[in-house]
Amino acid sequence: MELEELYRDIILDHNRTPRNKRQLDDADIANHQKNPVCGDEINIQIVLDGDQIDVAFFFGQGCSISQASASILTDVLKGKTLDQARAIAAGFHELMNGSEPNNIDDLGDLVALQGVAHYPVRIKCAVLACDTLDEGVIDWLNKHQI
Amino acid sequence: MANLQRNTPTFDSAKIRNDFPILKRIINGKPLVYLDNAATSQKPQAVIDTLTTYYETTNANIHRGIYKISEEATAAYEEVRSIVANFIGAKEPENIIFTRNTTESINLIAYAWGRENIETGDEILLTEMEHHSNIVPWQILAEERQATIKYIPINEDGELDLSDLNTLINKKTRLVSFVHMSNVLGTINSTEEIIERAHQAGAIVVLDAAQSVPHMPINVTNLDCDFLAFSSHKMLGPTGIGVLYGKTATLQEMSPFLGGGEMIDEVHLQASTYKKAPWRYEAGTPNIADTIAFGTAIQYLENLGMDNVRAHEKELTTYALDSLTKIGARVFGPTNIEERGGVLSFWYQDIHPHDLATALDTDGIAVRAGHHCAQPLMNVLKVPATTRASLYIYTTKQDIDMLITSLMKAGKFFNNGT
Ligand SMILES: Cc1ncc(COP(=O)(O)O)c(C=O)c1O
Numbered sequence: 001m002e003l004e005e006l007y008r009d010i011i012l013d014h015n016r017t018p019r020n021k022r023q024l025d026d027a028d029i030a031n032h033q034k035n036p037v038c039g040d041e042i043n044i045q046i047v048l049d050g051d052q053i054d055v056a057f058f059f060g061q062g063c064s065i066s067q068a069s070a071s072i073l074t075d076v077l078k079g080k081t082l083d084q085a086r087a088i089a090a091g092f093h094e095l096m097n098g099s100e101p102n103n104i105d106d107l108g109d110l111v112a113l114q115g116v117a118h119y120p121v122r123i124k125c126a127v128l129a130c131d132t133l134d135e136g137v138i139d140w141l142n143k144h145q146i
Numbered sequence: 147m148a149n150l151q152r153n154t155p156t157f158d159s160a161k162i163r164n165d166f167p168i169l170k171r172i173i174n175g176k177p178l179v180y181l182d183n184a185a186t187s188q189k190p191q192a193v194i195d196t197l198t199t200y201y202e203t204t205n206a207n208i209h210r211g212i213y214k215i216s217e218e219a220t221a222a223y224e225e226v227r228s229i230v231a232n233f234i235g236a237k238e239p240e241n242i243i244f245t246r247n248t249t250e251s252i253n254l255i256a257y258a259w260g261r262e263n264i265e266t267g268d269e270i271l272l273t274e275m276e277h278h279s280n281i282v283p284w285q286i287l288a289e290e291r292q293a294t295i296k297y298i299p300i301n302e303d304g305e306l307d308l309s310d311l312n313t314l315i316n317k318k319t320r321l322v323s324f325v326h327m328s329n330v331l332g333t334i335n336s337t338e339e340i341i342e343r344a345h346q347a348g349a350i351v352v353l354d355a356a357q358s359v360p361h362m363p364i365n366v367t368n369l370d371c372d373f374l375a376f377s378s379h380k381m382l383g384p385t386g387i388g389v390l391y392g393k394t395a396t397l398q399e400m401s402p403f404l405g406g407g408e409m410i411d412e413v414h415l416q417a418s419t420y421k422k423a424p425w426r427y428e429a430g431t432p433n434i435a436d437t438i439a440f441g442t443a444i445q446y447l448e449n450l451g452m453d454n455v456r457a458h459e460k461e462l463t464t465y466a467l468d469s470l471t472k473i474g475a476r477v478f479g480p481t482n483i484e485e486r487g488g489v490l491s492f493w494y495q496d497i498h499p500h501d502l503a504t505a506l507d508t509d510g511i512a513v514r515a516g517h518h519c520a521q522p523l524m525n526v527l528k529v530p531a532t533t534r535a536s537l538y539i540y541t542t543k544q545d546i547d548m549l550i551t552s553l554m555k556a557g558k559f560f561n562n563g564t
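Here the protein sequences come in this chain order: A and B.
146 is the number that my numbering gives the last residue of the first sequence; the numbers go up by one with no jumps.
564 is the number that my numbering gives the last residue of the second sequence; the numbers go up by one with no jumps.
Derived from the structure by calculation, the hints contain no laboratory data.
All C-beta atoms, glycine included, are put in the ideal place defined by N, C-alpha and C.
Worth double-checking, as some hints may not be accurate.
To be verified - The list that follows gives simulated cross-link-like pairs (lysine-lysine, PhoX-like), each with its CA atoms no further than 25 Å apart:
hint, chain 1, residue 1, chain 2, residue 2
1, A, Lys78, A, Lys124
2, B, Lys472, B, Lys460
3, B, Lys472, A, Lys124
4, A, Lys21, A, Lys80
5, B, Lys555, B, Lys472
6, B, Lys528, A, Lys34
7, B, Lys176, B, Lys528
8, A, Lys21, B, Lys528
9, B, Lys472, B, Lys161
Claimed, not checked - Footprint (simulated), chain A over chain B, 3 or more residues, beta carbon under 8 Å:
hint, segment
10, 504-518
11, 523-535
Throw the hints in and build the complete structure from the sequences for me.
Have a look at this one:
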């Protein structure tokens with residue numbers, strides 16, 4: 001496998017110029033996860049409009065796979081419902097397992113990370129943002145008894 | 147014979163490489179360049195053959211059978227104790243306890259020595275450059291005994307800062323445990339001052355020699371440490387076998403580690419008596435085959451001569467330091483070759499170590515990326531992780547050249563687009 005297949009241009013681009021990289025003081029949903037093995041860290045913050053995601057932000061540090069996936073994810077999340085957001089996180093896991101999820105169209109540019117499936121040791125870098133999102137959404141849903 | 151060869155000035159890496167079957171492997175269409183020797187070393191054919199031959203001709207349980215092959219297996223196993231003792235300059239084979247690895251060796255001390263000797267308010271002194279295996283066992287012990295752990299700081303050059311040693315080691319200090327050669331920085335810590343001061347204060351000294359014993363001549367009697375721990379798998383031997391050296395008096399005083407067969411004299415229903423050291427600390431059927439193959443690994447190193455091993459690595463480390471610096475990599479740790487071994491942790495063009503390691507892997511180059519089981523040290527260096535290339539006897543200048551070429555390629559890829 002060549003490096004270009006893993007690091008698609010979209011990934012390199014998001015890594016060099018991350019989108020939605022900001023730290024909010026008053027997000028509706030805020031969650032943080034760290035990968036203890038490699039030290040990658042992601043914070044996801046979401047501003048809601050009803051049960052729809054108005055905007056999503058991230059900040060953190062780590063390898064380009066972890067940071068680019070967070071950057072792409074925050075783009076993808078705009079306008080999605082919380083249920084759709086959870087389905088995106090689940091669909092992304094399927095993608096990392098080498099299969100094609102039903103909601104692949106909802107995944108948008110996250111599909112560019114498909115090549116990571118061939119690098120088992122790097123999958124944990126790619127899924128960190130989605131896992132951080134999913135945990136944050138679950139917490140919010142529990143708190144709001146939905 | 148070993149002595150004669152010890153003085154041979156030539157060190158033929160090309161010839162040595164032929165002894166290591168794995169170095170013929172092709173990864174992604176390219177020859178394997180193995181630069182992760184600090185994690186584990188590769189094994190020469192002689193070690194692999196010893197394992198096979200043992201199982202094909204000698205396999206039996208030891209210290210029990212009154213028959214030919216059991217006697218042979220016992221003799222071969224016990225002979226390795228002498229080989230190890232001789233290799234590290236221990237006075238007697240009885241100073242050598244076989245464990246699973248460095249980690250178990252350190253845990254053995256924390257359990258068998260620590261639980262009897264550490265009391266409330268006592269201090270344990272470590273350093274800021276320790277592997278997790280020389281931190282966590284002491285934290286468990288300290289919590290149980292309500293003792294305090296203190297740390298010798300390191301300076302920006304990656305060396306221990308001993309300026310406060312006289313207060314760090316005081317009358318409450320019972321144990322000082324530190325790494326002989328850092329697995330992140332390559333720093334070779336000078337031992338004399340710390341050991342002398344510790345002994346003056348009545349503390350014992352543990353040396354984590356996982357990285358030093360495989361790469362340089364070691365003499366425990368001259369070092370005067372009370373314990374020394376290392377692993378076979380980092381020095382051409384199999385996984386699953388490690389060593390704990392201990393001074394005779396200390397070993398004879400300690401309580402057992404694990405209880406069971408092989409470590410007892412007499413077992414009664416309510417109590418038992420134990421064998422003397424080192425057998426007291428080797429409960430159950432040991433890792434016989436791997437221990438015997440470990441003996442072969444040590445003989446392989448002795449034939450090369452540890453002075454020659456160190457000289458070869460000094461030359462290559464100098465070359466690697468120069469090459470890395472030339473392409474703008476920031477190499478951590480000492481620059482003086484006398485104070486460091488062939489472990490090169492670096493930061494290159496702000497490319498995250500995981501991305502670098504993946505890029506190198508596509509060129510068949512195996513390096514380590516991460517915190518190297520030394521998170522507190524990463525905090526001191528103020529980097530989340532490093533990329534680490536580590537050398538050994540079969541490493542050549544070509545290997546370093548391929549590393550440099552691949553790094554520059556990765557730099558272009560990540561920072562200038564493709
Ligand atoms: C300095 C140091 N100490 C301890 C260890 C632990 O060795 P093992 O995993 O063989 O127990 C290592 C190995 O990575 C090491 O480099």
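Consistency of the hints with the structure:
Proximity of Lys78 of chain A to Lys124 of chain A is assessed by CA-CA distance (about 24 Å); at most 25 Å being required, the pair is judged to hold. As the CA atoms of Lys472 of chain B and Lys460 of chain B are separated by approximately 18 Å, the hinted pair is consistent with the 25 Å bound. Of the supplied pair hints, the one linking Lys472 of chain B and Lys124 of chain A is violated, its CA atoms being roughly 34 Å apart against a limit of 25 Å. With a C-alpha separation of about 19 Å, the suggested pair Lys21 of chain A and Lys80 of chain A falls inside the 25 Å cut-off, and the hint holds.
Pair hint Lys555 of chain B plus Lys472 of chain B holds up; C-alpha atoms about 15 Å apart against a cutoff of 25 Å. Of the pairs offered as hints, the one joining Lys528 of chain B and Lys34 of chain A holds, with about 17 Å between alpha carbons and a cut-off of 25 Å not exceeded. At roughly 35 Å between alpha-carbon atoms, Lys176 of chain B and Lys528 of chain B are farther apart than 25 Å, so this suggested pair is violated. Proximity of Lys21 of chain A to Lys528 of chain B is assessed by CA-CA distance (about 22 Å); at most 25 Å being required, the pair is judged to hold.
The hinted pair formed by Lys472 of chain B and Lys161 of chain B fails the criterion: a straight-line CA distance of about 30 Å is larger than 25 Å. Interface restraint, the segment 504-518 of chain B with chain A: holds (6 residues with C-beta to C-beta distance below 8 Å; minimum three). Counting residues of the segment 523-535 of chain B whose C-beta sits closer than 8 Å to any C-beta of chain A gives 3, which meets the bar of three, so the coverage hint holds.
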